[in-house]
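Student: Please construct the entire structure, taking both the sequences and the accompanying hints into account.
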Amino acid sequence: MIEVQHLSKRFELTRQQRKELSTTEKFAVAVEDVSFTCHPGRIFSLLGPNGAGKTTILRMIATIYKPTSGSIYVNGINVEEQPNEARKTIGFLTGSTGMYGRLTPNELIKYFADLYGMENSAFEARKKYLFDLLQIHDFANKRISKLSTGMKQRVSICRTMIHNPDVVIFDEPTSGLDVISADSIIQLIRDCKAQGKTVIFSSHIMSEVELLCDDLAIIAKGKLIFNDTFESFRAQMTTTNITEEFIAKVQNATV
Amino acid sequence: MIFTIFKKELRETLRDRKTIMSMIIIPMLLFPVIFSVVFKVQKSIEESMSSKVLNIGVIGGAESEEYIAQLQNLPKAFGERKIIRLADSTLLKQYIKEDSIQFGMIFPADLALTEQAKKTAVIPIYYKASELGISDKAAMLNDVVFKTTQQKRFQEAGVEEQTFTPYRYEYVNISSDQETLGKLVGGFLPYIFIVFGFVGCMYPCIDLFTGEKERGTFETLLTTPVTRWQIMLGKMSVVVLSGFLAACFTLVGIFLSLNVFHVVEEPRIIEAIHEMFNFESVVMLLLLLLPLIILFAGVMVPIATNAKTFKEAQSIITPLNMLFIMIAVIGMIPGISLNLLTSCIPVVNVVLGMKSLLSGYLEWHLLAITFVVMVVIAAISVAISYRKFDDERNIVL
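These protein sequences, in sequence, are chains A and B.
The opening residue of the first sequence carries number 767 in this note's numbering; numbering runs sequentially from there.
The opening residue of the second sequence carries number 230 in this note's numbering; numbering runs sequentially from there.
By construction, these hints were calculated from the structure, which means they are not laboratory data.
Honestly, I wouldn't trust all of these hints.
To be verified - Label-pair distances were calculated between CB atoms; the ranges are:
1. A/Ser911 - B/Leu239: 48 to 56 Å
2. B/Val625 - A/Ser973: 56 to 64 Å
3. B/Leu462 - A/Gln1017: 17 to 25 Å
4. A/Leu977 - B/Arg622: 32 to 40 Å
5. A/Asp957 - B/Phe232: 56 to 64 Å
6. B/Val601 - A/Ala794: 38 to 46 Å
7. A/Asp880 - B/Val601: 32 to 40 Å
8. A/Thr780 - B/Val601: 32 to 40 Å
9. A/Gly883 - B/Val625: 22 to 30 Å
10. B/Arg622 - A/Asp957: 31 to 39 Å
11. B/Val625 - A/Ile1013: 27 to 35 Å
12. B/Ile498 - A/Thr780: 24 to 32 Å
13. A/Glu997 - B/Ile234: 53 to 61 Å
Said to hold, decoys possible - Non-contacting residues of chain B with respect to chain A, defined by C-beta distances greater than 12 Å in every case (computed):
14. Val266
15. Gly289
16. Lys305
17. Ile354
18. Ala358
19. Leu370
20. Tyr398
21. Gly440
22. Pro454
23. Phe484
24. Arg497
25. Leu515
26. Glu621
27. Val625
In this text, all values refer to a predicted model and were calculated from it rather than measured experimentally.
Think of the CB as a built atom: it goes at the ideal place given N, C-alpha and C, for glycine as much as any other residue.
Tutor: Next up, the structure:
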């Protein structure tokens, strides 16, 4: 479970950034007083236009950024107070996730398993399961730089899931991927739900949201403008489809 | 079409401030800075050298009196001199070795007889070739003194100057081959270490910090249960190791050139080089090298962490190599040696420490100060690196 309470994040702007943004403000507010809860066995979708603060929220949950204020609990663990404990339960995947091109999938997966402190026997069993599932065996000893995008994506999924996390964070996981690679991610998200994991994913692709999500939060300019179940979102719709409804909600909030 | 592309690329390049810095500003300022530093330091050394009393040892009876009188009569512009009369050539050599005498001469007892026989007497001048500039100074003084003495004698004896040469000096170097070679090799080896150590650190550093950020692999690493301190140290260790290995392989190169490629044929020189690179001095060299390489890494990591692209990091770090070389150049200036002051100046102290190690002058307390100063500076650089690395704005794009 993920519990986000009154979460805010502001970034100190460098002189260069202030110049680029033509502002005299010392800080930029990225997220302001956001609260929501993601439940196990359900898919929570974080929606918002570019620059709304989705990635910042997900990075705070994943302990990459520290919140300016507010709190985040992952499976009851306060991520600020016990970041390493929280990290053990989190898997993180983004569409732009890179990989170490000079390693083989075998070496990469072992490296991450070591970082997660996995026992060798548990690692071997988990690796076999994931390699079978994702059909990695054929290219397990080839350098990652030599693999196709689809193969790389499967290795990336394997890396995310190697320590069998209870909470999986997907930050625009299908952006930049072809249809087949994107489909493997969608399948992974469904599998995670079926296994009772807590899933949070950000996207601006409405078809994906419609296909997957149980709960929905919409962010605009760092603020939460909708937070409820997807059914409730549908029920409250004043337009003909969810894309139009999303646009209308964002426009109303930013006017 | 090529010109159109050329124009556009040039315009873009000239709008990049970092390129301007590395292309115009730094190369333009490099020599003015090097020259001003080198010549200022050189001048101050010369001033201190000229104010320093030159101790000249003399062995000889009545034959040497005239020489001593002439030497003492020389104007002050030739520098302060002190004549130390000695009776024993062993003692003279010992004093020269200990630096309490800068050079010494032995006037043969039969000098007058040789002169009467119109033969050329040989006057040996003992000095240490490892002490740069001493033989020049001795030659300068002796040329003036002997010219005056000779002319006087020719006049007294009514002999024409061209008839014979009454004396000839013979410069005898009493420093060991290791000392002389050590000063020579010690003069350039630290620069080789600095250049290779720096370049050895540079590419792994940019790849492991900026490159990882650019490739988008940092994010996933930061979500693993490993502290940032551990991540940074793990990466930094690789940077230090590669810089250290790059510098070490120059030592391997020396070994190969002597023992495999047989580049040096003179057995005396080979023996001196082997003495210079004995186990103890190599261990000490590496001990001095390690904190220097850590300092290099500690300077590079914050830059590589802060940079957004490989190119940006490279354009800032590359000129830094020149900066370190410029600092190290101070250690190359003749007359500068490892003392209490210089052992506290980072980089310069390593250069001078290596120089003294290779020439066999082991002043342990100064080497210890050098090591401690470098360790402290290296530790500070690591702490600064961590501060930058822990700043979340620098980690992900």
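Student: Look at each hint and say if it fits the structure.
Tutor: Comparing the hints with the structure gives:
no. : hint                             : verdict
1   : A/Ser911 - B/Leu239: 48 to 56 Å  : violated, 33 Å
2   : B/Val625 - A/Ser973: 56 to 64 Å  : violated, 28 Å
3   : B/Leu462 - A/Gln1017: 17 to 25 Å : violated, 49 Å
4   : A/Leu977 - B/Arg622: 32 to 40 Å  : holds, 35 Å
5   : A/Asp957 - B/Phe232: 56 to 64 Å  : holds, 58 Å
6   : B/Val601 - A/Ala794: 38 to 46 Å  : holds, 44 Å
7   : A/Asp880 - B/Val601: 32 to 40 Å  : holds, 36 Å
8   : A/Thr780 - B/Val601: 32 to 40 Å  : holds, 36 Å
9   : A/Gly883 - B/Val625: 22 to 30 Å  : holds, 24 Å
10  : B/Arg622 - A/Asp957: 31 to 39 Å  : holds, 35 Å
11  : B/Val625 - A/Ile1013: 27 to 35 Å : holds, 29 Å
12  : B/Ile498 - A/Thr780: 24 to 32 Å  : violated, 57 Å
13  : A/Glu997 - B/Ile234: 53 to 61 Å  : holds, 58 Å
14  : Val266                           : holds, 31 Å
15  : Gly289                           : holds, 74 Å
16  : Lys305                           : holds, 59 Å
17  : Ile354                           : holds, 63 Å
18  : Ala358                           : holds, 51 Å
19  : Leu370                           : holds, 62 Å
20  : Tyr398                           : holds, 66 Å
21  : Gly440                           : violated, 10 Å
22  : Pro454                           : violated, 4 Å
23  : Phe484                           : holds, 31 Å
24  : Arg497                           : holds, 48 Å
25  : Leu515                           : holds, 29 Å
26  : Glu621                           : violated, 5 Å
27  : Val625                           : violated, 6 Å
Violated hints, in rising order: 1, 2, 3, 12, 21, 22, 26, 27; the structure is consistent with all others.
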